[in-house]
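Once you have looked at the hints, place chain B on chain A.
Going line by line, the protein sequences match chains A and B. For the first sequence, position 170 matches number 170 in the working numbering, and the numbering has no gaps at all. For the second sequence, position 196 matches number 196 in the working numbering, and the numbering has no gaps at all.
No wet-lab data here; the hints were simulated from the structure. Certain hints may be false.
Here are the simulated lysine-lysine pairs, DSS-like style, with alpha carbons at most 25 angstroms apart [to be verified]:
#1 B:Lys155 to A:Lys60
#2 B:Lys244 to A:Lys90
#3 A:Lys90 to B:Lys245
#4 B:Lys155 to A:Lys48
#5 B:Lys164 to B:Lys244
#6 A:Lys196 to A:Lys60
#7 B:Lys155 to A:Lys90
#8 A:Lys169 to A:Lys213
#9 B:Lys164 to A:Lys90
#10 A:Lys90 to A:Lys161
#11 A:Lys169 to B:Lys155
This structure is a prediction, so every number in the text was calculated from the model and none was measured.
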Amino acid sequence: MLLQCSELSFQFPQAENPLFSGLNCQLPSPGFHGLFGLSGVGKSTLAKIIAGDLNGFSGKVSRDDLNAVLYSSNLERLPGWSSVVDHIAKVIPSDRRSGMAELVESFGLRDYLDSRFSQLSLGQKNRANLTRYLLQDFDLLVMDESLANVDEATRELIILKIKELFPDKYFLYISHSVQEVSKFCDTILVLRTFEKTPQIIDVAGCNYRQGGKLDKKCLEQTMLEIVNAS
Amino acid sequence: MLHKRIWQFLLIYILGLGFLFGLKYLLGLSDYVIPGPMEIYQTARYNSGRYLVDTANTLSVAFVGHLLAILLASLISIIGRLPNLAGAMIKTAAYNLQAYPIVAVAPIIFILLGDGLTSRLLIAAMICYFPLLLSFIGILTTPVPDIEHFYITTKRMRWQLEVKIRAFENITKLTTVIAGSATLAMVGTIIAEFIGADAGIGYSLRISLYQSDIGKVLVALFFIGIFNSLYLATLEGVGYFIQKKLGISREG
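Isolated chain A (complex conformation) (with noise of 0.2 angstroms):
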């Protein structure tokens, strides 16, 4: 399996400057993998091109059998006329019941499954959104900022259970946070402006797993790596 975009080029219809301009990233193999960037510079537009969200570019996207790819994101919210549990359930397959237990446990949800959606803070929100696209059918799924608003213990705990869950799937993690990407991401995508060539540059990350050890030394260079190269 690979992801690939070629010569990517993209401008916003009211825009006077492109988003994108003969933009090329690949993500050679399954793991998760992370989309830096500063803020504004297509970070979301770029994931929803890559999951086919998102028309009107020019360029290529090669998906070769990466056939579902999902996006998820910290906007969405689950429809507010049953409790979060029911929706869940209304749309996973069957065989995944087992599975949406260890993640509603791993994730800290359990006591929130009856409620309401509007009822939940922000991060339980993005958690709840998290849990049912993770027990979909997927090959690659877009990450943006879906752990926005969850305290950071929590945040580590989900990535390295996701990381645990699906070591054959591909992820692209949208996030803020250096630290964050350097740590957990196999490779890091650094997205910059269309002035810069390339408009992306490959870092690699620490890749971090649960029961591993972190070089601290591999985190301090990935980072400084990532803050040099936006």
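The following block gives chain B in isolation, referenced to the frame of chain A:
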């Protein structure tokens, strides 16, 4: 304690009566033009029973007409929300037809269908139908991307779910529109009765007009106002109950 709708009506009614009496005594108008308080009281005593039944009759027709209009507007707006030719045609027809005053075609309805229940029902439904349709189409054609995205991307979106999401997200707007159109249904029924029907409070108003009896008109208006306020209060209560049941706060 009386509902705010009834207080609002009573306030307006008393102000209106006060204005008429003010006019009567200021200009020295005779009891024939504007009857005095005692004469109105006597008229109310003799006619209240009949007017109560007549207004209940009118309200029942308005209620059924309103219900028909809601059902029809829901059905047409579900089709009208489609991004295809049928949807575009329905939207265009709805926007153009609503510009025509429906009351103007009421005589044709009476000529074709007679002065019975069917004509009253049809006119009541037609008068409140277009405002309902325009609001429903507006609501059902506006996507709710932050909820719908998941269902679209996982290929689970069905038209029933789409309608449910959009209706639920706009439930406050929908209940307001439905409650607002209730008055139109009542107006439509009264106009129909006034023009050509042989029953209802509109018919009684027509007789009062022929008799030039303002006292009877004022008593009829009192009952119309009370019944309409009760209907509005009931609809708003039902809307509030539904929203509470669904866990929707009044602030939205």
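Decide if the proposed pair is consistent with the structure: Lys164 (chain B) and Lys90 (chain A), CA atoms, cutoff 25 angstroms inclusive. Roughly 15 angstroms between the alpha carbons, so the hint for Lys164 (chain B) and Lys90 (chain A) holds.
Restraint status (C-alpha distance of Lys155 (chain B) to Lys60 (chain A) at most 25 angstroms): At roughly 24 angstroms apart (the allowed maximum being 25 angstroms), Lys60 (chain A) and Lys155 (chain B) satisfy the hint.
Please verify whether Lys169 (chain A) and Lys155 (chain B) have alpha carbons no more than 25 angstroms apart. Since the Cα atoms of Lys169 (chain A) and Lys155 (chain B) sit roughly 20 angstroms apart, the hinted pair holds (cutoff 25 angstroms).
Assess, step by step, whether the Cα of Lys169 (chain A) is no farther than 25 angstroms from the Cα of Lys213 (chain A), and give holds or violated. holds (23 angstroms)
Below or equal to 25 angstroms on CA atoms is what counts here, so check Lys244 (chain B) against Lys90 (chain A). Holds, at about 23 angstroms.
Would you check the hint for Lys196 (chain A) and Lys60 (chain A), treating anything up to 25 angstroms between C-alpha atoms as holding? holds (20 angstroms)
Given the hinted pair Lys90 (chain A) and Lys161 (chain A), is their Cα-Cα distance within 25 angstroms? holds (23 angstroms)
Distance restraint between Lys155 (chain B) and Lys90 (chain A), which requires alpha-carbon spacing of 25 angstroms or less: holds (14 angstroms)
For Lys90 (chain A) and Lys245 (chain B), compute the direct alpha-carbon distance and say whether it is at most 25 angstroms. holds (21 angstroms)
Lys155 (chain B) and Lys48 (chain A) were given as a pair; does the straight-line alpha-carbon distance stay at or below 25 angstroms? holds (16 angstroms)
Please verify whether Lys164 (chain B) and Lys244 (chain B) have alpha carbons no more than 25 angstroms apart. holds (17 angstroms)
When held up to the earlier numbered hints, the structure conflicts with none and fits them all.
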